[in-house]
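A.B. asks: Required output: the full structure, derived from the provided sequences and hints.
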Amino acid sequence: MRVEYINPFVEAAYNVLSEVLGVEIKRGNLYLKSATKSVMGVAAIVGLAGEVEGRVLFDMSKVTAIKIASAMNMEELKEFDDLAKATITELANMITAQAVTKLHDLGFRFDLTPPALISGDNMEVSDQEVEALIVPMESELGNIEINVAVRERG
Amino acid sequence: MKTKVDFPTINERPPEGTRPDGSPFRVLIVDDSMFVTKQIGQILTSEGFDVVGTAGDGEEGLEKYKQLFPNVDLVTMDITMPKMDGVTALEKIIQFDKNAKVVMISALGKQDLVKKSLLLGAKNYIVKPLDRKKVLERVVHSLQS
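Quick mapping for you: the protein sequence lines, in order, are chains B and Y.
The numbering used here numbers the first residue of the first sequence as 7 and each following residue consecutively.
The numbering used here numbers the first residue of the second sequence as 7 and each following residue consecutively.
No lab work stands behind these hints, which were simulated from the structure alone.
In this text the structure is predicted, and so the values were computed from the model without any measurement.
One or more hints might be untrue.
[Unchecked claim] Straight-line Cα separation of at most 27 angstroms, DSS-like style, residue types lysine-lysine; simulated pairs: (1) Y:Lys70 - Y:Lys89; (2) Y:Lys72 - B:Lys73; (3) B:Lys91 - Y:Lys89; (4) B:Lys91 - B:Lys32; (5) B:Lys84 - Y:Lys44; (6) Y:Lys140 - B:Lys108; (7) Y:Lys72 - Y:Lys121; (8) Y:Lys89 - Y:Lys121; (9) Y:Lys140 - B:Lys91.
[As the list claims (entries may be wrong)] Rough simulated footprint, nothing fancy, chain Y against chain B, three-plus residues with beta-carbon under 8 angstroms: (10) 28–35; (11) 45–58; (12) 87–95.
[Unchecked claim] Per label pair, the in silico range of CB-to-CB distance: (13) B:Lys32 - Y:Gly127: 54 to 62 angstroms; (14) B:Glu144 - Y:Glu69: 40 to 48 angstroms; (15) Y:Lys121 - B:Glu10: 24 to 32 angstroms.
All residues carry an ideal CB built from backbone N, CA and C; glycine is no exception.
C.D. replies: What follows is the structure in structure tokens.
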């Protein structure tokens, strides 16, 4: 997978998380995963289709999701309710929009699906023939993994 | 102690959401995200605006505007929504009331749609992520135009 696809997502996630959470965000080390990977508990997924195709997953534990939603709403949410879900979806929206703007500026042409939110225990994600690159983002609210699996349309 | 005389209320300023006579500006929020609706609502009500209605898509937004008219001063309109998008809803609201004041709420990367909205008669736009200063500045400016 070409690194050009990844950097915009890393930068956008860093910028948006810093801005909306108001806490320090640290980039962890990138790693590649080609096989099935477990999902932490809450995942917002956005599909890409066009000259490049694939998907981006924003993956975090339910505890982290509630903490992030609480910070963004400036009130303590007790559970992963509809408001928390709408908040995490909006977070995924903002990060993706910023990343895609950069990718469009670099000349890549593709469309996006609206984010879908999935949550549950013991989930896994499998990508056929596309390796996923994982970018961990660490903060005092917990870790978010940006899991990007995209390729050029053959 | 005559506190009011001893300490002039230099910090007092009129809230931005009210007219000089004290009556609030009335706002309709159209957005499919519960989070964004709440965020805009909180920012506006804290400045004295009255959120008179909310809608989750363009179709409902248009209906609500017609119901509320003429007792609505401003609409915040998301662009990407199910059923009817914000640009179409804006167009229909302007057809119904050519003096309607609509502020578009946009994700980054939708410059073409924002431009189209401004040509169709939107007063202003705000790019997400939203913050208090940005929202109040654009909303107040649109009400004055």
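A.B. asks: Against each hint, give a clear statement of whether it holds in the structure.
C.D. replies: Status of the hints after comparison with the structure:
no. : hint                                   : verdict
1   : Y:Lys70 - Y:Lys89                      : holds, 15 angstroms
2   : Y:Lys72 - B:Lys73                      : violated, 39 angstroms
3   : B:Lys91 - Y:Lys89                      : holds, 21 angstroms
4   : B:Lys91 - B:Lys32                      : holds, 24 angstroms
5   : B:Lys84 - Y:Lys44                      : holds, 17 angstroms
6   : Y:Lys140 - B:Lys108                    : holds, 23 angstroms
7   : Y:Lys72 - Y:Lys121                     : holds, 25 angstroms
8   : Y:Lys89 - Y:Lys121                     : holds, 22 angstroms
9   : Y:Lys140 - B:Lys91                     : holds, 25 angstroms
10  : 28–35                                  : violated (count 0)
11  : 45–58                                  : violated (count 0)
12  : 87–95                                  : holds (count 5)
13  : B:Lys32 - Y:Gly127: 54 to 62 angstroms : violated, 45 angstroms
14  : B:Glu144 - Y:Glu69: 40 to 48 angstroms : holds, 46 angstroms
15  : Y:Lys121 - B:Glu10: 24 to 32 angstroms : holds, 28 angstroms
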